[in-house]
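Each protein sequence line maps, in turn, to chains C and H.
For the first sequence, our numbering assigns the number 984 to the initial residue and increments by one for each residue that follows.
For the second sequence, our numbering assigns the number 34 to the initial residue and increments by one for each residue that follows.
Just so you know, not all the hints are guaranteed correct.
No farther apart than 25 Å at their CA atoms in a straight line, the calculated lysine-lysine pairs in the DSS-like style are these [as the list claims (entries may be wrong)]:
{"hint": "1", "chain 1": "H", "residue 1": "K58", "chain 2": "H", "residue 2": "K223"}
{"hint": "2", "chain 1": "H", "residue 1": "K58", "chain 2": "H", "residue 2": "K122"}
{"hint": "3", "chain 1": "H", "residue 1": "K122", "chain 2": "H", "residue 2": "K48"}
{"hint": "4", "chain 1": "H", "residue 1": "K223", "chain 2": "H", "residue 2": "K209"}
{"hint": "5", "chain 1": "H", "residue 1": "K241", "chain 2": "H", "residue 2": "K223"}
{"hint": "6", "chain 1": "H", "residue 1": "K146", "chain 2": "H", "residue 2": "K85"}
{"hint": "7", "chain 1": "C", "residue 1": "K1171", "chain 2": "H", "residue 2": "K122"}
{"hint": "8", "chain 1": "H", "residue 1": "K122", "chain 2": "H", "residue 2": "K146"}
{"hint": "9", "chain 1": "H", "residue 1": "K223", "chain 2": "C", "residue 2": "K1171"}
{"hint": "10", "chain 1": "H", "residue 1": "K146", "chain 2": "H", "residue 2": "K168"}
{"hint": "11", "chain 1": "H", "residue 1": "K85", "chain 2": "H", "residue 2": "K58"}
{"hint": "12", "chain 1": "H", "residue 1": "K51", "chain 2": "H", "residue 2": "K85"}
{"hint": "13", "chain 1": "H", "residue 1": "K146", "chain 2": "C", "residue 2": "K1253"}
{"hint": "14", "chain 1": "H", "residue 1": "K122", "chain 2": "C", "residue 2": "K1253"}
{"hint": "15", "chain 1": "C", "residue 1": "K1171", "chain 2": "H", "residue 2": "K48"}
Where chain C lies over chain H, by a calculated footprint (3+ residues, C-beta under 8 Å) [stated by the list, open to error]:
{"hint": "16", "region": "111-118"}
{"hint": "17", "region": "140-149"}
{"hint": "18", "region": "228-238"}
If you're looking for bench data, these hints aren't it; they were derived computationally from the structure.
For glycine and all other residues, C-beta sits at the position ideal for the given N, C-alpha and C.
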Amino acid sequence: MPTPKPNCFLLKPPIPWFKSTGAMLKQLTLIALCLGIYIWSANGTNLSVAELAKGLPNIIDILGRMLPPNISILPRLIQPTIETIQISIWGTTLAIFATLPFGLLAARNTSPNVFLYNSSRFILNATRSISEIIFALIFVAAVGLGPFPGVLALAFHSVGMLGKFLADSIENIDHGPVEALQATGASKWQVITYAILPQVLPDFVTLCLYRWELNFRSATILGIVGAGGIGFELITSMRLFMYEDMTTILIVVLVMVTFVDYVSSYIRAKIL
Amino acid sequence: MIEISNLYKEYTGTKALKNINFAVKPGEFVVLLGPSGAGKSTLLRCINGLVKPTSGNVVVQGVQVHETLQLENVRRQVGMIFQQFNLVKRLTVLENVLCGRLAHTNVFTSCLKFFSQQDIDYALHCLQRVGLEHKAYQRADQLSGGQQQRVGIARALAQCPAIVLADEPVASLDPKSADRVLDILQSINKQDAITVVVSLHNIELATKYAERIVGIREGAIVFDQSATLLTEGDVEQIYGMAAGPENEEICYKQVSYAHA
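Start from the sequences, fold in the hints, and give me the full structure.
Rendered as structure tokens:
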């Protein structure tokens, strides 16, 4: 009688590393390498527990001076807070408009040719890797101080992320409906409208709302480089050592970020 | 109507179609019969230009499919039905049927999702033909498989096609839905005089519905006669019953069909 074969097995048998000198050396080298990288980075960043301990009284001192929050400045914060929301709304909206053509060009299955595919992928990568603060510095220099450069900065940075996600989800759609619509004799734009967009829309809407949350958070610091919003108040009170004002501003930011997150998840739940 | 001569199609490494020659006359009901992987889907897709042949000629309604600059004009006259239905799941049933009207409408207005009342009425009429007018405003993915395939037929009918190609239309359906779908295809062939070319791998269904059977094995036509002339020997030749692995695949297919 044949012995029954085992019906389960490990995908990869474990190697007892101590049983082979070669494997052991490999493991030890890997551990040494990781430790090396950590020590090297610690040196580069002056990481030190002693310094932290020495700085502790200062931190406690600043925290003490931050309290109690100075509520009397609240009326002065209303206008910058509204401006911050406005910056995030237009920054996100402009990005969405720019994303639609980029998404189609940067998806392998909708891009008209390799050149446009590669160049739009490159542009998306570039705008994604440059932080919004750097864009804000550039646009403040170009169009002057105020909320408008903030809007442009958010729009440019957001296009990179939104475009890449849109292109990736276009590449991952079910090809069947596309083939079916082509077979009816529908034109390219009709195929995009009826077979591709309905498939990517739900994910894209979710993503845009998420991007709006991120953009609101970014908009709270854009003022630090002069691009409008509540960040300008924050940097001013820090420079004037008015830590009690700063606490109030931080509380307002915290409340507003929570509020925007709530609104965004409410919209998401409503439309999906 | 459809004339195919010296058609070859090679995918990297495999020869999918080898020297296919056949013609379909107006009003015929032709079944392409053969095991999976024999090249039936590729052949059907060569007819409406979804697949570009390596060499050979395909003429549909007097137009060379692979040389014309107005491929969309050819496709508009050729409806297609798919094994996986290929409906746009998130759109309503009616919108899916209206997709069949796209090639007859203005690109700009249809991309803004405007359709004329005439188009909507015609789409509803097509749904009535397949018995699903009461589902018009439901989302396509809420329907059962058999119903989805009937929406697929309505979409093809909305094109006002001269020819309907059906690629394994009942392979993912239970026997009852399969009969219903093939009955509808038969009725549009008889009542509307639409030429129908269906690929099937089930011999029983093929002999039940076909007027003419074209047997395909390993990319070549091995049988092309009236359905009544199909003998046991022909079936053996199409499926290669003597051969081991292929035979096994057929049995598996039919078992899964029975349990679907």
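Structure-based check of each hint:
For a cut-off of 25 Å, the pair hint linking K58/H to K223/H stands: about 14 Å separates their Cα positions. This hinted pair does not check out: K58/H and K122/H have alpha carbons roughly 35 Å apart, beyond 25 Å. As the CA atoms of K122/H and K48/H are separated by approximately 34 Å, the hinted pair breaks the 25 Å bound. The suggested pairing of K223/H with K209/H holds, with an alpha-carbon distance near 21 Å, which does not exceed 25 Å.
For a cut-off of 25 Å, the pair hint linking K241/H to K223/H stands: about 15 Å separates their Cα positions. Restraint check for K146/H and K85/H: not satisfied, since their Cα atoms lie roughly 31 Å apart, outside the 25 Å limit. With a C-alpha separation of about 19 Å, the suggested pairing of K1171/C with K122/H holds against the 25 Å cut-off. Of the supplied pair hints, the one linking K122/H and K146/H holds, its CA atoms being roughly 17 Å apart against a limit of 25 Å.
For the suggested pair K223/H and K1171/C, the alpha carbons sit about 33 Å apart, so the restraint of at most 25 Å is broken. Between the alpha carbons of K146/H and K168/H the distance comes to roughly 20 Å, so the proposed pair stays at or under 25 Å and holds. Simply put, K85/H and K58/H have alpha-carbon atoms about 23 Å apart, close enough for the 25 Å limit, and the pair holds. Proposed proximity of K51/H and K85/H is supported: the alpha carbons are some 14 Å apart, at most 25 Å.
Distance check on the hinted pair: K146/H and K1253/C sit about 23 Å apart at the alpha-carbon level, within 25 Å; holds. At most 25 Å may separate the alpha-carbon atoms for a hinted pair to count; K122/H and K1253/C meet this at roughly 20 Å. For the hint pairing K1171/C with K48/H, the CA-to-CA distance comes to about 30 Å; that exceeds 25 Å, so the pair is violated. Counting residues of the region 111-118 of chain H whose beta carbon lies closer than 8 Å to any beta carbon of chain C gives 6, which meets the minimum of three for the stated coverage.
Coverage of a stretch by a chain is defined here by at least three residues with a beta carbon nearer than 8 Å to that chain's beta carbons; for the region 140-149 of chain H and chain C the count is 4, and the condition holds. Counting residues of the region 228-238 of chain H whose CB lies closer than 8 Å to any CB of chain C gives 0, which falls below the minimum of 3, so the coverage claim is violated.
The earlier numbered hints that this structure contradicts are 2, 3, 6, 9, 15 and 18.
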